[in-house]
Amino acid sequence: MARLSWAARLYVGVVVLAAAIVLIRGPFGDIRWWRNVAVLGLLLVVFESTATLLRPRQLAWSPNSSATLAAAVLLGPVGAALVGACTIFGLRRGPSLAQRVFNTAMMALSAYLAGRAFVALHGTVGTPDAHSFPKVIGPFVVAAVVHAVTNHVLLGGVLWLTSDRDLAGRRAPLGMSVKLIASDLGYGAFGLLIAALWSVAGVFAPVLILIPLFVARWAVTQIAEQQQAYEATVGALCQAVETKDFYTRGHSDRVSRGSVMIAREIGMRGERVEAIGYAGMLHDVGKLGVPTKVLQKTGKLTEEEYAAIQLHPMRGLDIVREIGFLDEALAGIMHHHERIDGRGYPMGLAGDEIPEFARVLAVADAFDSMTSTRSYRGARPVEEAIAELRKWSGTQFDPAFVDAFVAAIKRDGWQRPEPPLLGADDLTTIAAQDHDDPSAPLRVIDSL
Amino acid sequence: MTERRHELRRFPWQVRDSGLLLLVVAAGVVLVASVAQTAVDGLRDPRIAVAFGILIAFGEVLRLNLPGDRETAPIGMAGALAYALLIRVGDHSAQHTAEQVVTVTAIGMIVGALPHLAVGRPAKVGGMSIRLLCVACVAFIFRPLAGNSAVAHHWGLAFSLMTALAVLALLLEAVLTALLRVDEQRARFRVALVDEMRVQLPLGAAVGASGLLIAFAAEVMGLAALAVFTAPLLVTQVAFRRYAGIRATYLQTVRALAKVTEIGGYVEPGHSERVSRLAVAVGRELGIHEPQLLELEYAALMHDIGQLSLADPIPGGATVLVSRQDQQRIAELGAEVIQQAQVLGSVAEIVRRQNEPHRGVEVAHEGYRGRPGRVDGEPSRPPLRSRIIKAANAFDDLVGSSLDPGRAAAAVQQLRLDTASEYDPEAVEALSRVVNRRSVIQL
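Those sequence lines, one after another, are chains P and S. Residue numbering for the first sequence follows our numbering, starting at 1 and increasing by one per position. Residue numbering for the second sequence follows our numbering, starting at 1 and increasing by one per position.
These aren't lab readings, by the way, just hints derived from the structure by calculation. Computed from a predicted structure; not experimentally measured. A portion of the hints provided could be inaccurate.
Unchecked claim - Part of the chain S face toward chain P, derived, beta carbon under 8 Å:
#, residue
1, Asp91
2, Ser210
3, Ala224
4, Phe229
5, Val235
6, Leu257
7, Ile305
8, Val343
What the hints assert, rightly or not - Partial list, derived from the structure: chain P residues whose beta carbon lies under 10 Å from chain S:
#, residue
9, Phe133
10, Pro134
11, Phe140
12, Ala201
13, Phe204
14, Leu208
15, Ala216
16, Arg217
17, Val220
18, Ile223
19, Glu225
20, Gln227
Claimed, not checked - Where chain S lies over chain P, by a calculated footprint (3+ residues, C-beta under 8 Å):
#, region
21, 183-189
22, 313-323
Quick reminder that beta carbons are idealized off the backbone N, C-alpha and C, glycines included.
From just these sequences and the hints, can you work out the full model?
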């Protein structure tokens, strides 16, 4: 947040000011009240200090809401705001001072509003007893929703204004936000449990609550770690498959990136974006089943040899079939060489019959092929490749995805591979033709 | 890693499947006795019983598979524990007996298992029996005490007692599950128990704490506590399910991608899968713990991946007939590939050293580009898991997909003859036991 736009500065300023007014105005309670603020504030500091960073956007996720919502019930709106303000004492290394101050103001404000909502719906502030239930639940749920929504709206606002495109993501966050709000609400429920246990367990209540929360946190970190390990492993294995052909190194990785760019541009759900990334990564594994001599052949291919190449998407499907991916990813791998006009392979599907994933992959695949160096030609400039995509748009490619890809490239750019250095590397072979290159189709001997 | 030689100890009653039978019978006896007693006494506090029964059934519907094919029902277990540990609901003292706890839990479990049955996922009777026995254990200890005024009015005493019982229940679950595993997979009890605790500990802690929480909260919130506490545990469970899903996909992917060597014509079809299954069985026989077994499985699946870097397939694949130099080169290349993934460092090391003779390499031979296993002139042994893969790989090269016990015996014999220099005698003996067992099962 080093260089903020004036709009962002104003926004952050307003949020911080509003929080400060709420905190200063009071009203405050007695000594007991302050002690409880301290206990819940400490709990919040513990949560905040152990927040999990969410990939891929470095947003922090923590069960803070359970502390502030408990405060909303036990201490009222101002108490909740004070507890929320303890965010500033969090021992997290990540955020800058500005971020820390903003986060604190944001937590205080959402806690305050949640507390107001709770009171407005006739929720009784104070330690709940046997007679408070179940009538406290309604106001509490509303308070939790208000808390989560305020939090995400304020956060969304700052992300949007700080023009940090990577962070803002601009379209992806909706699904993400819904998930975050849902998990916030889940942990918010602990807030009511803390409040409820306060009368029987007093300050021990938070301790009891901590265990399940930390387990959940642990699981979330494990997920992130496994996911990373998984991606790295898939990447390494794909590279192993690619080492066979000198010129296509990094191809899978780039097709994966290109497909993800298209998928984001057309607003696919996060889960599907992830799946299409893997599909791009694995789309050519079947090439391993094609004999090396066919891949290396310089002259025209015989019918049989061409048939062997046409089989590679099916081979690929054979390999990845048992992986628990979305079926869509499998369909994408199998059909990534179909053409809109029905003249592709292996099935000759046309138009909408071709699975969406396959149509996306086809665009990214051809584009990377054209912008990479091949033994029979140098790498083409991006503009030229775009022109080529446009030329085949409607016959070979789905125009919608070509447009989406072009828009994404115009905005984010495209990292072309380095031209390969031909060295005395005896392990690699050189393909003389590229089946992915639409501008230089495979030459097949015409059958007589 | 356990490098020392373990004796194989088995209790006489450890005949296959007898453990499962014993468990189910025990759970059945407890259940029948409890149902009979409850029928005689009549259902006390039916409203509370129904609420907990519904929660347990709901938990059973949402049961979850943890890595290593472990079935758990965290919400159901937490609900059952809470019901067993319940002292008061609101102002009303809970009157139910231990027998009633067992009955309600069993009915909840069975009702919850029905939807699974309907979609063709049969219930795992073993796991359900274990869960029921654990709950019964807690109930029979705590229910008689719940009415005791000392327990009912001293928060600290009740809290300590309940905590101890929740821990006991979870420990018992781990012990019984481990015993079942010993029986099913021929693992060693101590190894199985440690593995079980490691996998179950985090979720178990959450389940225990949630059980306690709900029992306490019911005093203040009444039955609303059930609904309130379920939400957070549900979120935890969703996270665990996601985690288990990624773990499963990971393994499936490595399995699938290991097959590229077969499709490319580098090795015989099914080779990597067979070697990995055999290697894991041998590793288990030798008392390797589960996380290391998983690495062994990965290494075994990918042991030939280095061949992909060769321009032309070695005719017939990387069999024992190929020169040591070539084998070593494949191992090196494979390790390099795996090293790329960064997270699989030990897997890469296992693959790198899969061809070394079991006593280690004395002199780094020509063309050996990796770290020669030498420390101060002493050849260092390759890791146990590399030695296991070496033996399993050689065995599969000799036997292939053949199921003929005679051929298997001959192959084991051939490996034994080479234990002086090539194959680790310990690994070969374990392999021989696994292979013998397998042919007995086939006959």
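| query | Was the hint right that Phe229 (chain S) lines chain P, CB cutoff 8 Å? | reply | holds, 6 Å
| request: Let me know if the C-beta of Gln227 (chain P) comes in closer than 10 Å to any C-beta of chain S, holds or violated. | output: Where the cut-off is 10 Å and the nearest Cβ of chain S is about 6 Å from Gln227 (chain P), the hint holds.
| said: Quick check on the hint: Arg217 (chain P) CB to chain S CB, less than 10 Å? | reply: Result: holds, 9 Å to nearest chain S Cβ.
| Measuring from the C-beta of Val220 (chain P) to each C-beta in chain S, is the shortest one below 10 Å? | Since the shortest Cβ distance to chain S is 5 Å, the answer is holds.
| query | With 8 Å as the cut and Cβ atoms as the points, is Leu257 (chain S) at the interface with chain P? | reply | Interface hint status for Leu257 (chain S): holds (4 Å vs cutoff 8 Å).
| task | With a cut-off of 10 Å on the beta carbons, see whether Ala216 (chain P) makes it to chain S. | result | Hint on Ala216 (chain P): holds, closest Cβ of chain S at ~4 Å, below 10 Å.
| Holds or violated: Val343 (chain S) as interface residue toward chain P, Cβ cutoff 8 Å? | This interface hint holds because 4 Å falls under the 8 Å limit.
| field | Interface hint status, Ala224 (chain S) versus chain P (Cβ within 8 Å) | value | Given a least distance of 4 Å, the restraint on Ala224 (chain S) holds.
| query | Any CB of chain P closer than 8 Å to the CB of Val235 (chain S)? | reply | holds, 4 Å
| query | Okay, the region 313-323 of chain P and chain S, do three or more residues pass the C-beta test at under 8 Å? | reply | holds (count 7)
| said: Min Cβ distance, Asp91 (chain S) to chain P: is it shorter than 8 Å? | reply: Given a least distance of 6 Å, the restraint on Asp91 (chain S) holds.
| query | Holds or violated: the region 183-189 of chain P covered by chain S, criterion of 3 or more residues with Cβ-Cβ distance under 8 Å? | reply | Since 5 is at least three, the answer is holds.
Hint violations for this structure: none, all hints satisfied.
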